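Residue numbers (my numbering), protein chains in the order written: chain H, 9 to 220; chain U, 9 to 220.
Because the hints were derived from the structure by calculation, they are not lab data.
Hints are not guaranteed to be accurate.
Which copy is meant is left open, because identical chains are indistinguishable; a pair holds if it fits in one copy or across any two.
Claimed, not checked - Straight-line distance between alpha carbons at most 30 Å, and here's what the computed DSSO-like set of lysine-lysine pairs gives: (1) 11 <-> 149; (2) 73 <-> 94; (3) 212 <-> 11; (4) 11 <-> 126; (5) 212 <-> 73; (6) 124 <-> 73; (7) 42 <-> 218; (8) 126 <-> 52; (9) 99 <-> 212; (10) 11 <-> 146; (11) 73 <-> 99; (12) 73 <-> 42; (13) 94 <-> 200; (14) 35 <-> 149; (15) 218 <-> 73.
Quick caveat, the model's predicted, so the values are computed rather than measured.
There are 2 protein chains.
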Amino acid sequence: MAKSMSLLWGAGSPPCRRVMIVLEEKKLQGCKHKLLSFEKGEHKSQEVLDINPRGQFRRGVPSFKHGDLVVNESYAACFYLESQFKSQGNKLVPDSPAEQALMYQRMFEGLTLYEKLKAVIGYTWFVPEEERHDSALKRNKEALATELRLWEVLLVTFFPTVATLFRFGLSAERYPQLGGYNALLKDRPSIKASWPPHWLENLKGQDNLKDI
Amino acid sequence: MAKSMSLLWGAGSPPCRRVMIVLEEKKLQGCKHKLLSFEKGEHKSQEVLDINPRGQFRRGVPSFKHGDLVVNESYAACFYLESQFKSQGNKLVPDSPAEQALMYQRMFEGLTLYEKLKAVIGYTWFVPEEERHDSALKRNKEALATELRLWEVLLVTFFPTVATLFRFGLSAERYPQLGGYNALLKDRPSIKASWPPHWLENLKGQDNLKDI
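Please put together the full structure from these sequences, using the hints given.
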């Protein structure tokens, strides 16, 4: 089954890691993975645009194919894989209504956290220099900090976004629950298997988030 | 079952309409609905904050409860309702892998469209006056127009966002497929049942999108 699957991915992208982790959890390790270089613009290559017409900045990946079926929204790929391989590997959707309600709720709150993370670490990527304001970046950082305090309380989150927070300098002293969660999950096999190669090569990340 | 459900909603909000339409499709008309006024700030009231700690601008709704279970992310509520009431009302998740892949893919592309819509019609709500740039609004409009051309081709979209596009002045002459889709669906019972009251009272909307 997994042999008819392929994934185009970019290193360090939380949406790509979501799909990679679900592939591991569902025991679909046979899926062909192809790493694209953001630096070389490979995520905007014709190969990607043929599958994903958006192909804009960091949006060309993940591009997942199963036979002729294309699913390139990361959440869509996760739902599709769980739905198609319900009884294979780990069951990712719980049975009880209460657990299901919580799981769906947190899953979509995770997107909110990711958007607020992008508004800080992606500020200089997405906003042209002449339109940037210190006040906007400050507000985005405050919004992210407010959101993080909710997650500190909830202590339920999505690992790829959390790993990226710490990669970009978040202080585990100021966010001890998130730090503990990060430490707790980073050795899980499905997560180690999706570790970005350039994070292994260069253990030091950025410090954009050190002061929030 | 529906008697133990309640929904706090705001008029004209696509996320609220998604949940309302799914409630109708699943024959859960008994759900108690309470309309909150954005103008009076009721979406930031203690009643809402108790359920939804974010409660920020237009994010306090929808707040959906089923018994003691709270689900206030609109996509989460839709997944939860379909999952819990699979055999009631209309089946919303298709069986075949190809249709499922397409459905999940479009569902999450729909979020991208909604984000790009918000970046135009919400520009003055979310960006303080001293940080606004004509160039940014122009870029956001261009990004929305590029996205819309994809949907024109795909002709698969989500009605609440489409209805809001036309409410804000989108030209059905320049986007004939979207216009036709809007006309096609607006009389479906589940959609009529969720029509925003203030749209009925005041048939004329805004013109923010008339020139894209």
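Now the hints, each set against the structure:
1. For a Cα distance limit of 30 Å, the shortest separation of residue 11 from residue 149 qualifies neither inside one copy, at 43 Å, nor across copies, at 42 Å.
2. Within a single copy, residue 73 and residue 94 get their C-alpha atoms as close as 18 Å, and across copies as close as 27 Å, so both meet the 30 Å cut-off.
3. When the C-alpha separation of residue 212 and residue 11 is checked against a cutoff of 30 Å, the pair qualifies neither within a copy, at 35 Å, nor between copies, at 54 Å.
4. Taking the shortest Cα distances, residue 11 and residue 126 never come within 30 Å of each other, neither inside one copy (33 Å) nor across copies (40 Å).
5. For a Cα distance limit of 30 Å, the shortest separation of residue 212 from residue 73 qualifies neither inside one copy, at 33 Å, nor across copies, at 44 Å.
6. Taking identical chains as interchangeable, the C-alpha atoms of residue 124 and residue 73 lie at most 30 Å apart whether they share a chain (29 Å) or sit on different chains (26 Å).
7. Taking the shortest Cα distances, residue 42 and residue 218 never come within 30 Å of each other, neither inside one copy (32 Å) nor across copies (42 Å).
8. For a Cα distance limit of 30 Å, the shortest separation of residue 126 from residue 52 qualifies both inside one copy, at 20 Å, and across copies, at 25 Å.
9. Within a single copy, residue 99 and residue 212 get their C-alpha atoms no closer than 34 Å, and across copies no closer than 49 Å, so neither meets the 30 Å cut-off.
10. When the C-alpha separation of residue 11 and residue 146 is checked against a cutoff of 30 Å, the pair qualifies neither within a copy, at 47 Å, nor between copies, at 45 Å.
11. Taking CA atoms no more than 30 Å apart as the test, residue 73 paired with residue 99 passes in both settings, with 22 Å inside one copy and 26 Å between copies.
12. Taking the closest pair of Cα atoms, residue 73 and residue 42 come within 30 Å of each other only inside a single copy of the chain (12 Å); across copies the shortest separation is 43 Å, beyond that limit.
13. In this homomeric assembly, residue 94 and residue 200 come within 30 Å of each other (Cα to Cα) only inside a single copy, at 23 Å, whereas the closest approach across copies is 36 Å.
14. Neither within a single protomer nor between protomers do residue 35 and residue 149 lie at most 30 Å apart by alpha-carbon distance, with minima of 38 Å and 43 Å respectively.
15. In this assembly of identical chains, residue 218 and residue 73 lie within 30 Å of each other by CA distance neither inside one copy nor across copies; the values are 38 Å within and 38 Å between.
Comparing the model with each earlier hint shows violations of hints 1, 3, 4, 5, 7, 9, 10, 14 and 15; every other hint is respected.
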